[in-house]
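Those protein sequence lines, which keep their order, are chains A and B. Going letter by letter, the first sequence gives residues 0 to 185 in numbering that gives the first Met the number 0. Going letter by letter, the second sequence gives residues 0 to 133 in numbering that gives the first Met the number 0.
Just so you know, the hints here were simulated from the structure itself, not pulled from any lab data. Incorrect hints may have been included.
[Stated by the list, open to error] If you want the footprint, here are the derived chain B segments under chain A, 3+ residues with CB under 8 Å:
1) 26-39
2) 98-109
[Stated by the list, open to error] To give a feel for the contact side, a few chain B residues facing chain A, derived at Cβ under 7 Å:
3) Y10
4) V44
5) I115
A quick note: this is a predicted structure, and the numbers were derived from the prediction, not measured. Here a beta-carbon is modelled for each residue, glycine too, at the ideal position from N, C-alpha and C.
Each chain is listed here by its residues.
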Amino acid sequence: MMGDLTQYFDYVLMAMLLAVGVAVIRLRNLFAIVMLTGVYSLLSAAWFTSLDALDVGFTEAAVGAGISTVLLLAAMLLTSRECDKVSVSRHWAALAVCVAAGAVLLYALPDMPVYGSPDTPVNAGVGMEYMDRTADDLKKIPNVVTAVLGSYRGFDTMGEVFVVFAAGVGVALLMGLSGRRREEDE
Amino acid sequence: MLEMLSERFVYVVIIVLMMTGLYALIATGNLVKRMVGLTIFQTSVFLLYITMGKVFGGVPPILDYKDLSNGTLDPNQLYSNPLPHVLILTAIVVGVATLAMGLALVVRIREAYGTIEDDAISEADYSLELEKGV
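With the rest of the complex left out, here is chain B (with noise of 0.2 Å):
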C-alpha cells in the first residue's frame, strides 16, 4: 500500500489540484470565477497527463540530428513519451477556445441582467415569470 501510494505520489497531488478546481467552481456564484475554476480544473488534468508520459532519465522526445536532414534515433537513450504531449497540446488551444465562449456568455448575461452571480440571475427569472403569470 505504501509502495504503491510513493509510486504514485504526484497523481495523488494532482487529484487534490483537480479538486480544487471543481470545489472553486461550485463554491462561488460569480460566473468569471467559475470560469477560472474550469481553467484549473483543465490545466490540472493536462498535468495528469503529462506526468504519465514523464520517463525518469529520459530527454524530451527530440532526435539528434547531425545536420538537419538526417534525425537519427539513439538506442540506448531514454525519451519521454511523445504521445501525452500531443494530445494536451491539442486539448490547451481548445480549451481556450471553450473558455472565449464561456466568458461571451458571461459578458451577454451582463448586458442582459446587469448581474453575473447566479442567485441574482435566477431571481431576475422568476420576478419575471411572476410578472407574465406563469
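So here's chain A without its partners, still in its complex pose (with noise of 0.2 Å):
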C-alpha cells in the first residue's frame, strides 16, 4: 500500500492530540482543562476533514468545539474553578486500568482492517452499496451521508432526536428552569 499525502496531516495531527490530552491530564485548573477540550476537539475537527469525513468535521467543530465548551465553561462557572490534588494510590490504580484496557485493544489490533484500503470488509461491504443505490435512488442529493442519515436510516436520526428531547427535558427538570427559584423568593 503506497499511502496518501494526507498521511502527514495524520502524524502531526496525532502529534498535537496526545500533547492537548498529556496537558489535560496534568493540569489542575479548570478554566484552562475545559479550554484545551475545545482545542482538541478543534484538532480533530480537522483530522476528520483530512480524512474526507467533511460533516462529521463540520458537526464536530460546531458541536464538539462549540457548544460542548460553552456547556463546560458554564458548569466550571457554577462549581468551582480549581480540582484538587489527588492521592498517588488513585494514579497507579489508574494507570493499572488503562494499561489493561490498552493491552486489551492493542490484542485486537491484528483484526483492525488495513488502514487506507479500499478492499476491506469495512469499506467494500454495505458503504459501498449505498453510494451505489444514492446514485440510482436519490439523484437530488450529491451528499451520500446526507441521503444516507435522513433516508436509509432515518430511524436511526428520530431515535437521536429523542435522545436529544430526553436530555433537554432531564437538563430542565434537574436545573429546575420552570419555578423552584420563584418558588424561594416569594
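Please dock the two separately framed chains into a single complex, following the hints provided.
Written as C-alpha cells, this is what we have:
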C-alpha cells in the first residue's frame, strides 16, 4: 500500500492531540482544562476533514468545539475553578486500568482493517452499497452522508432526536428552570 | 509483525488517545474534570471509526453532479466510506446530550453538597449517616 499525502496530516495531528491529552491530565486549573478540551475537539475536527469526513468535521467543530465548550464553561462557573490534588494510589489505579484496557485493545489490533485500503470488509461492504444506491434512488441528493442519514437510516436519526429531547427534559428538570427559584423568592 | 503494525499505526495512536481520556477520567476526584475525560475518550472513539472508513486516494462521499437534479457515481473514482460518517454524526449529537445531562447533575451536586470533589462528597454522606445512626 503506497499511502496518501494526507498521512502527513495524520502524523502532525496525532502528535498535537497527544500533547493536548497529556496536558489535560497534568493540569489542575479547570478553565485551562476546559479550553484544552475545545482545542482537542477542534484538532479532531481538522483530522476528520483530512480523513474525507466533511460532515463529521463540521459537526465536531460546531457541536464538540462549540456547544460542549460552552456547556463545560458554564458548569465550571457554577461549581469550582480548581481541582484538588489526588492521592498517588489513585494515579497507580488509573494507570493499571489504562494499561489493562489498552492491552486488550492492542490484542485486537491484528483483526482491525488495514488503514486506507479500499478492499477491507469495512469499506467494501454496505458503505459502497449505499454509494451505488444513492446514485440510483436519490439523484437530487449529491451528498451520500445526507442521503443515508435522512433516508436509509432515518430511524436512527429519529432515535437521536428522542435522545436529545430526553436530555433536554432531564436538564430542565434537574436545574429547575421552571419555578423552583421563583418559589424561594416569594 | 512490523508490517502489521505499520499498516495499523493510526489505530495504535488512537488507542493511546483513548487511554489518555480514560486516565483523565479515573485519576481525578473533580466531577467536571471527569466529564472532560469522558469527552476526550469519546472523541477518540469517533476518530477510531472515521479512520476505518478512510480510503487512500479517495474523495469525500459526494456524487458528481452537473445540475442539482442529477447526481452520478463516477466508476473510476475511489470514495471514502460514508457509513462510519453517518454513525458518528449521530454519536456526536448524543454525546453532547449526555454531557449536558452529566453537567446538570454536577451542578445539582454542587448545590446540595457545596463541593464537587468525590472524596468530600463521600465524607459528607458518611457523616450524615453517622448522625442518623445508620
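Outcome of the hint check:
no.	hint	result
1	26-39	holds (count 12)
2	98-109	holds (count 10)
3	Y10	holds (5 Å)
4	V44	violated (11 Å)
5	I115	holds (5 Å)
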